[in-house]
Amino acid sequence: GIQVEQSPPDLILQEGANSTLRCNFSDSVNNLQWFHQNPWGQLINLFYIPSGTKQNGRLSATTVATERYSLLYISSSQTTDSGVYFCAVDAGGTSYGKLTFGQGTILTVHP
Amino acid sequence: DTGVSQDPRHKITKRGQNVTFRCDPISEHNRLYWYRQTLGQGPEFLTYFQNEAQLEKSRLLSDRFSAERPKGSFSTLEIQRTEQGDSAMYLCASSHTPGNYGYTFGSGTRLTVV
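Respectively, the protein sequence lines represent chains A and B. So the first sequence is residues 108 to 218, counted in the numbering used here. So the second sequence is residues -11 to 102, counted in the numbering used here.
Hints in this document: simulated from the structure, not taken from any laboratory. Check each hint, because a few of them may be wrong.
[As the list claims (entries may be wrong)] If you want a taste of the chain B side facing chain A, the calculated C-beta under 10 Å gives, among others:
1) Pro31
2) Phe33
3) Glu44
4) Ser46
5) Met77
6) Gly90
7) Thr92
8) Ser95
9) Arg98
Since the model is a prediction, treat every value here as computed from it, not as a measurement. Virtual Cβ for every residue (Gly too), placed ideally from N, Cα, C.
I would like the entire structure built from these sequences, with the hints used as guidance.
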């Protein structure tokens, strides 16, 4: 099946810093999503981005489908950005609709 | 619409007991998914429904696990004869097809088997 690798596994920032999280995937995809899992376990959908670039406030994401990677940018980080960030992909075909998740990036933002 | 709802939020059970979880998806979503997440890992796919039809089951879903989605609305996930290895967060999500605008997850049910 498709493999999803996220880097870095852990990231510690001071409030106000910028960061870039990376997601590499091993095959073509028809869906890619970024999620933020808060300390209570809730997975919040940040972006649905199978290709191209999207922005939402301090967050933006870019997926280069032909090169099989996606980036999540967090600017001017805040303590509330802390949590685990997951990239998840849907490889389509017989796996259509099923998301395969990476291992996540644990982000800690200190005040 | 208040999103995807899961009940209960937490469940502690003794090994060997049966447990059932419920998921209410976003009403206009025709797809419903179950995932399991253990500590330090990303969620893993268990099964999904399109309307009332169960279209795929993961190899992770042993014979002790069963899921239903009667009438294509809410879904239940039952675990029979629970084992300590079943302790995990069970996550439900829904999406709409065609169009595939992405998943919305519920808050999950955290199961602890003692």
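Evaluated hints:
Nearest Cβ of chain A to the Cβ of Pro31 (chain B): about 5 Å, under the 10 Å cut. The hint holds. For the restraint placing Phe33 (chain B) at the interface with chain A, the shortest Cβ-Cβ distance is roughly 5 Å, inside the 10 Å limit, so the hint holds. Taking 10 Å as the C-beta contact cut-off toward chain A, the hint placing Glu44 (chain B) at the interface holds, the least distance being around 7 Å. Look at Ser46 (chain B): its Cβ gets to within about 8 Å of chain A, closer than 10 Å, so that hint holds up.
Hint on Met77 (chain B) holds. Least Cβ distance to chain A is approximately 6 Å, under the 10 Å limit. Because the closest C-beta pair between Gly90 (chain B) and chain A is about 3 Å apart, less than 10 Å, the hint holds. With a least beta-carbon distance of about 6 Å to chain A, the hint placing Thr92 (chain B) at the interface is held under the 10 Å criterion. Below 10 Å, beta-carbon pairs count as interface contacts, and Ser95 (chain B) has one with chain A at about 5 Å; its hint therefore holds.
Look at Arg98 (chain B): its Cβ gets to within about 7 Å of chain A, closer than 10 Å, so that hint holds up.
Consistency note: the structure conflicts with none of the earlier hints.
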